[in-house]
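Given the coordinates of chain A, assemble chain B onto it according to the supplied hints.
Protein chains: 2
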Amino acid sequence: MNLLHVDTISETRKKLAAYCERIAPAIEICGLIEAAGRVLAADCYSAENIPPYRRSTVDGYAVRSKDLGAAGDMTPSILRVTGEVVLGTDPGDVTVTAGNCVYVPTGGAVPDGADAVVMVEYCELFGGSMLAVSKSAAPGENVVQVGEDVRMGDLLVRRGRTLRPQDVGALAAAGISMVPVYTPWRVTVISTGDELVPPDEAPGPGQIRDINSYTVAARSAAEGFQVVRTVLVRDDREALLQALTAAKADSDVVVLSGGSSQGKKDMSAELVGLAADSGVLTHGIAAKPGKPTITGFDGESGTLFIGLPGHPAAALMVYEQVLIRLWRDLTEQPEERTVRARITTTLQSAAGRRTFQLVKLTDGEAGELPAAAPVLARSGMIAPMSAADGYFEMSENQEGVKAGDTVCVHLWK
Amino acid sequence: MNLLHVDTISETRKKLAAYCERIAPAIEICGLIEAAGRVLAADCYSAENIPPYRRSTVDGYAVRSKDLGAAGDMTPSILRVTGEVVLGTDPGDVTVTAGNCVYVPTGGAVPDGADAVVMVEYCELFGGSMLAVSKSAAPGENVVQVGEDVRMGDLLVRRGRTLRPQDVGALAAAGISMVPVYTPWRVTVISTGDELVPPDEAPGPGQIRDINSYTVAARSAAEGFQVVRTVLVRDDREALLQALTAAKADSDVVVLSGGSSQGKKDMSAELVGLAADSGVLTHGIAAKPGKPTITGFDGESGTLFIGLPGHPAAALMVYEQVLIRLWRDLTEQPEERTVRARITTTLQSAAGRRTFQLVKLTDGEAGELPAAAPVLARSGMIAPMSAADGYFEMSENQEGVKAGDTVCVHLWK
Numbered sequence: 001m002n003l004l005h006v007d008t009i010s011e012t013r014k015k016l017a018a019y020c021e022r023i024a025p026a027i028e029i030c031g032l033i034e035a036a037g038r039v040l041a042a043d044c045y046s047a048e049n050i051p052p053y054r055r056s057t058v059d060g061y062a063v064r065s066k067d068l069g070a071a072g073d074m075t076p077s078i079l080r081v082t083g084e085v086v087l088g089t090d091p092g093d094v095t096v097t098a099g100n101c102v103y104v105p106t107g108g109a110v111p112d113g114a115d116a117v118v119m120v121e122y123c124e125l126f127g128g129s130m131l132a133v134s135k136s137a138a139p140g141e142n143v144v145q146v147g148e149d150v151r152m153g154d155l156l157v158r159r160g161r162t163l164r165p166q167d168v169g170a171l172a173a174a175g176i177s178m179v180p181v182y183t184p185w186r187v188t189v190i191s192t193g194d195e196l197v198p199p200d201e202a203p204g205p206g207q208i209r210d211i212n213s214y215t216v217a218a219r220s221a222a223e224g225f226q227v228v229r230t231v232l233v234r235d236d237r238e239a240l241l242q243a244l245t246a247a248k249a250d251s252d253v254v255v256l257s258g259g260s261s262q263g264k265k266d267m268s269a270e271l272v273g274l275a276a277d278s279g280v281l282t283h284g285i286a287a288k289p290g291k292p293t294i295t296g297f298d299g300e301s302g303t304l305f306i307g308l309p310g311h312p313a314a315a316l317m318v319y320e321q322v323l324i325r326l327w328r329d330l331t332e333q334p335e336e337r338t339v340r341a342r343i344t345t346t347l348q349s350a351a352g353r354r355t356f357q358l359v360k361l362t363d364g365e366a367g368e369l370p371a372a373a374p375v376l377a378r379s380g381m382i383a384p385m386s387a388a389d390g391y392f393e394m395s396e397n398q399e400g401v402k403a404g405d406t407v408c409v410h411l412w413k
Numbered sequence: 001m002n003l004l005h006v007d008t009i010s011e012t013r014k015k016l017a018a019y020c021e022r023i024a025p026a027i028e029i030c031g032l033i034e035a036a037g038r039v040l041a042a043d044c045y046s047a048e049n050i051p052p053y054r055r056s057t058v059d060g061y062a063v064r065s066k067d068l069g070a071a072g073d074m075t076p077s078i079l080r081v082t083g084e085v086v087l088g089t090d091p092g093d094v095t096v097t098a099g100n101c102v103y104v105p106t107g108g109a110v111p112d113g114a115d116a117v118v119m120v121e122y123c124e125l126f127g128g129s130m131l132a133v134s135k136s137a138a139p140g141e142n143v144v145q146v147g148e149d150v151r152m153g154d155l156l157v158r159r160g161r162t163l164r165p166q167d168v169g170a171l172a173a174a175g176i177s178m179v180p181v182y183t184p185w186r187v188t189v190i191s192t193g194d195e196l197v198p199p200d201e202a203p204g205p206g207q208i209r210d211i212n213s214y215t216v217a218a219r220s221a222a223e224g225f226q227v228v229r230t231v232l233v234r235d236d237r238e239a240l241l242q243a244l245t246a247a248k249a250d251s252d253v254v255v256l257s258g259g260s261s262q263g264k265k266d267m268s269a270e271l272v273g274l275a276a277d278s279g280v281l282t283h284g285i286a287a288k289p290g291k292p293t294i295t296g297f298d299g300e301s302g303t304l305f306i307g308l309p310g311h312p313a314a315a316l317m318v319y320e321q322v323l324i325r326l327w328r329d330l331t332e333q334p335e336e337r338t339v340r341a342r343i344t345t346t347l348q349s350a351a352g353r354r355t356f357q358l359v360k361l362t363d364g365e366a367g368e369l370p371a372a373a374p375v376l377a378r379s380g381m382i383a384p385m386s387a388a389d390g391y392f393e394m395s396e397n398q399e400g401v402k403a404g405d406t407v408c409v410h411l412w413k
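Line by line, the protein sequences give chains A and B. Just so we're aligned: 25 in the numbering used here is position 25 of the first sequence, and the numbers increase by one with no gaps anywhere. Just so we're aligned: 214 in the numbering used here is position 214 of the second sequence, and the numbers increase by one with no gaps anywhere.
Chain A on its own, in the form it takes in the complex (with noise of 0.2 Å):
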């Protein structure tokens, strides 16, 4: 049997993160609409307290809680009302002495001296400027306090997090409305094989439609990732090392897909070797699906090779582990997070080769682990991809699973 010398998974990465000053994404400034959905490049801190004042969460009177004592709807507390605490103005010399209440909107400055608000349900006014309180009030109920959401120095989002809704919310609201974000990488994928035909013909006897180039543009697509074009090129050695030669023009990155046949890998390497000037980085890897796979990685122009096998499922699995993974590791994006579930079937992992098994997550009984069940499918096939929830891993070094036995399940997006 011929042995190539194949890299694990985190090897391959590791090789082409050690070029990693040279394809570090760059990072730009934007403002925080257009920052929503891409991943924030520095940390950021608050310069400021939120809120910068005590902030009623109510409509309602600011009091001194003391003078409420133990009021309640048989024993109303009485207080005057002696001001009113107006939105988006200074509240200025307004303050609650003993016996005094004043009104506050809700988001409005709690006036010094009061430490607490009463709802207006549970006030009634009369004779003018008094006001019957029928509730009494703990210290700092309805108040937030200065700096109670944020203080001042607090580290509101760390670099590497997709930015959320909520996250987009809190910059905001600590006066950041331009941060730093990677800059997304710009991908060409292109296809090869003389077998392969654009999904919108119809195959002739012994052809197949081209699935890779959608896919992995999709899964760019997905990720941030600006495809720059997705390109369907014969078996022709002139025409593909000038398809990955032109592409070093305008891409980050150049996806080669197809060639899983032993002539087409040794091929798609000799031409990555070509159009990559430090040669071919990675000649197969050791993992199931995804052996035939190539780096490379061009230092003048900083763009990043990689060749998939042919099989679809194969393919949009390494471009997972490898490119994407590389990506998440540059930009210091956290570990993407797992379900744990329990393998319904005993399954053995391939010797030697990272195994990424696809399953189908039910949900049991209260207070048990989702039940995770194998979706088996042969090489080259797609359909059991799209029935899957998600994958999980076999290391290198583990023979398998048992049955009931506790996997971490990646959740499809």
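Worth flagging that the hints you see were computed from the coordinates, not collected in a lab. Just so you know, not all the hints are guaranteed correct.
All copies of an identical chain are treated as equivalent in the list; a pair is satisfied when it fits inside any one copy or across any two copies.
Think about it this way: if two alpha-carbon atoms lie no more than 25 Å apart in a straight line, the pair counts; the simulated BS3-like pairs of lysine-lysine are [claimed, not checked]:
#1 K291 - K14
#2 K15 - K291
#3 K248 - K360
#4 K288 - K402
#5 K360 - K413
#6 K288 - K413
#7 K402 - K360
#8 K248 - K135
#9 K288 - K135
#10 K413 - K248
#11 K135 - K291
#12 K248 - K14
#13 K66 - K135
Relative to chain A, chain B alone:
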């Protein structure tokens, strides 16, 4: 206590859905790459078998498995090579008869007569056209049968699915290059509040920065909606009514944010009642957070109005529960996947109101559900939402949860 008539969240959605025909998202046809990440608007079936021919998953020799018997390293079987299948061409009259074999590359058609393919690694050519095979083969080995991946007539992808890369791949494989997807809603976000300043301005005394137009716009974009504009309007009756009315011309959804104080709530309701020819449909919902919520529908323009609470966390949660879930219902999306967890603390829910509790998840021992620790937040706070991993719901009739209970956590996107 002033008890407004309030709807439950599902009553709110039902009232809006009663106008379903007129608020139903439009459908458009687009190419697969553009369709990735969007919601499929029709069930897609395969009109073909995939693969359309028996396909080899390896580089090897197509054989009759019974010809190999118990072939092994020490006892190879000897076959005659009678031909070769060329990728992308019709295998034509090539067949495999007793004692013979034919070379097939990965992805090539397995010729008639053969029932398995032996990998080249186990084969050695000698004497020009003779082959020593050092491994037996089971029938079907390394062969994907006609229709094994997808059978003609199979459902490929169900309507309501947000198209993932592998779904796009399955559609491409079946030759479906154009698909119907829902046209995203066009959203205008109007923030109102005299106390609000844009994030890039320093708030004066009693002022705070506008957060909701950012969070609601970001949440809209994350769901694929088109954000037409975000505007900040003073608490001025005429200016607000003008903004609401103008937005009907080019928006499917108009979000009015602000107005947690009683006076503002009343004005928001009045203005929505004027702008929407249905009048106000919902005036308050039984949710915590989120009570002061208003909805309306303008039949003439087909515009849906939603007035959100002013508190940022409440605004985002109501937007999620009412508007985003209505969109998902109308586009027939499956229920969102939740992650089961054990709540670490006993918590009370708000009586008669659906309560949304923020949590942070931590994985425990293998076999155990993750722990969900409540993230405590007061009204008007934004940082806890950014710190949380997601939330779980307590229903209107539920008194709360006890420490150790299983809860279903919706993870933030």
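Outcome of the hint check:
For the identical chains of this complex, K291 and K14 are intra-copy neighbours only, at 17 Å inside a copy versus 52 Å across copies, given an alpha-carbon limit of 25 Å. For a Cα distance limit of 25 Å, the shortest separation of K15 from K291 inside one copy, 17 Å, qualifies, whereas the shortest one across copies, 55 Å, does not. Taking CA atoms no more than 25 Å apart as the test, K248 paired with K360 passes in neither setting, with 39 Å inside one copy and 43 Å between copies. Taking the closest pair of Cα atoms, K288 and K402 come within 25 Å of each other only inside a single copy of the chain (19 Å); across copies the shortest separation is 44 Å, beyond that limit.
With identical chains, the CA atoms of K360 and K413 are at most 25 Å apart both within one copy (14 Å) and between copies (20 Å). In this assembly of identical chains, K288 and K413 lie within 25 Å of each other by CA distance solely inside one copy; the values are 21 Å within and 29 Å between copies. Within a single copy, K402 and K360 get their C-alpha atoms as close as 17 Å, which meets the 25 Å cut-off; across copies the closest is 30 Å, which misses it. For the identical chains of this complex, K248 and K135 are neighbours neither inside a copy (72 Å) nor across copies (44 Å), given an alpha-carbon limit of 25 Å.
Within a single copy, K288 and K135 get their C-alpha atoms only as close as 67 Å, which misses the 25 Å cut-off; across copies the closest is 21 Å, which meets it. Taking identical chains as interchangeable, the C-alpha atoms of K413 and K248 are never at most 25 Å apart, the minima being 29 Å within one chain and 34 Å between chains. Taking identical chains as interchangeable, the C-alpha atoms of K135 and K291 lie at most 25 Å apart only when they sit on different chains, with a minimum of 21 Å there against 71 Å within one chain. Only within a single protomer do K248 and K14 lie at most 25 Å apart by alpha-carbon distance; the minimum there is 22 Å, versus 54 Å between protomers.
With identical chains, the CA atoms of K66 and K135 are at most 25 Å apart within one copy only, with a shortest distance of 12 Å there and 90 Å across copies.
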